[in-house]
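Per full-length UniProt numbering, residue 1 is the first one in the sequence shown, and the count goes up by one each step.
Don't take every hint at face value.
Said to hold, decoys possible - Computed list of lysine-lysine pairs in DSBU-like fashion (alpha-carbon distance at most 35 Å, straight line): (1) K56 x K33; (2) K56 x K147; (3) K56 x K35; (4) K32 x K56; (5) K46 x K147; (6) K35 x K46; (7) K46 x K32; (8) K123 x K147.
Said to hold, decoys possible - Derived Cβ-Cβ restraints for the label pairs, each shown as a range: (9) T90 x Y58: 29 to 39 Å; (10) A91 x S115: 27 to 37 Å; (11) A138 x Q50: 45 to 55 Å; (12) Y58 x G34: 47 to 57 Å.
For the record, the hints were derived by calculation from the structure and aren't laboratory data. For glycine and all other residues, C-beta sits at the position ideal for the given N, C-alpha and C.
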Amino acid sequence: MESGNSVYRLESFCTVFQVEMFELQRAIRRVKKGKNRLVNVFSDSKSSLQMLTGPKTYNPLAHAARQDIRDIVAEGREVHLFWVRAHPGTAGNQRADELARNAALKRKAAADYYSFPLTYAKKAIRAASLDEWQQRYAEGGTGEINKCFFPGWKRRTGSFRESR
């Protein structure tokens, strides 16, 4: 039974895991603000649930959710986390998909979560480094014969991948 819903906007660079973890953390935060003695939270994100129930976490969203759960339990209340299969026939999943689709199409407000993952930072740094290398390579006076075969890093990496 759906007791309410909220719509949030996350930055486009957020990973699927961050989105799932954010949703779970916000659901637990909503439970914390409520007064129900027993609440069941259902999620189709097995990895997020495993992170919450595992021995350690360094993820800030998981850490916040764990703290909220501890606070709820300290009040003498119960929270039960359940994994459900992500399946088109599951009513809750269809409702969540509908809300997400509507939010993506209609909500244009500032992001509610904007922490970027380390993988995004690595990708951005690598792209900037390769662009700078390309510029130096193109403007450099040496290696003119190599430039006939490898005019730039994009073509070079593409031909390398094709040769495998």
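Each hint, compared with the structure:
1. Between K56 and K33 the alpha-carbon distance is near 25 Å, which keeps this suggested pair within the 35 Å criterion.
2. Between the alpha carbons of K56 and K147 the distance comes to roughly 50 Å, so the proposed pair goes past 35 Å and is violated.
3. At roughly 28 Å between alpha-carbon atoms, K56 and K35 fall within 35 Å of each other, so this suggested pair holds.
4. Proposed proximity of K32 and K56 is supported: the alpha carbons are some 22 Å apart, at most 35 Å.
5. Taking the CA atoms of K46 and K147, the gap is about 49 Å. The hint is violated against a cut of 35 Å.
6. For the hint linking K35 to K46, the alpha-carbon distance of about 27 Å falls within 35 Å, and the restraint holds.
7. Distance hint between K46 and K32 is fulfilled; the C-alpha atoms sit about 22 Å from each other, no more than 35 Å.
8. For a cut-off of 35 Å, the pair hint linking K123 to K147 stands: about 26 Å separates their Cα positions.
9. About 31 Å separates the C-beta atoms of T90 and Y58, a value consistent with the hinted range of 29 to 39 Å.
10. The supplied range of 27 to 37 Å is met by A91 and S115, whose beta-carbon atoms lie about 31 Å from each other.
11. Checking the proposed 45 to 55 Å range against A138 and Q50 shows it holds: the Cβ atoms sit about 47 Å from each other.
12. The given range of 47 to 57 Å is broken by Y58 and G34, whose C-beta atoms sit roughly 28 Å from each other.
When each numbered hint is compared with the structure, violations occur for hints 2, 5, 12.
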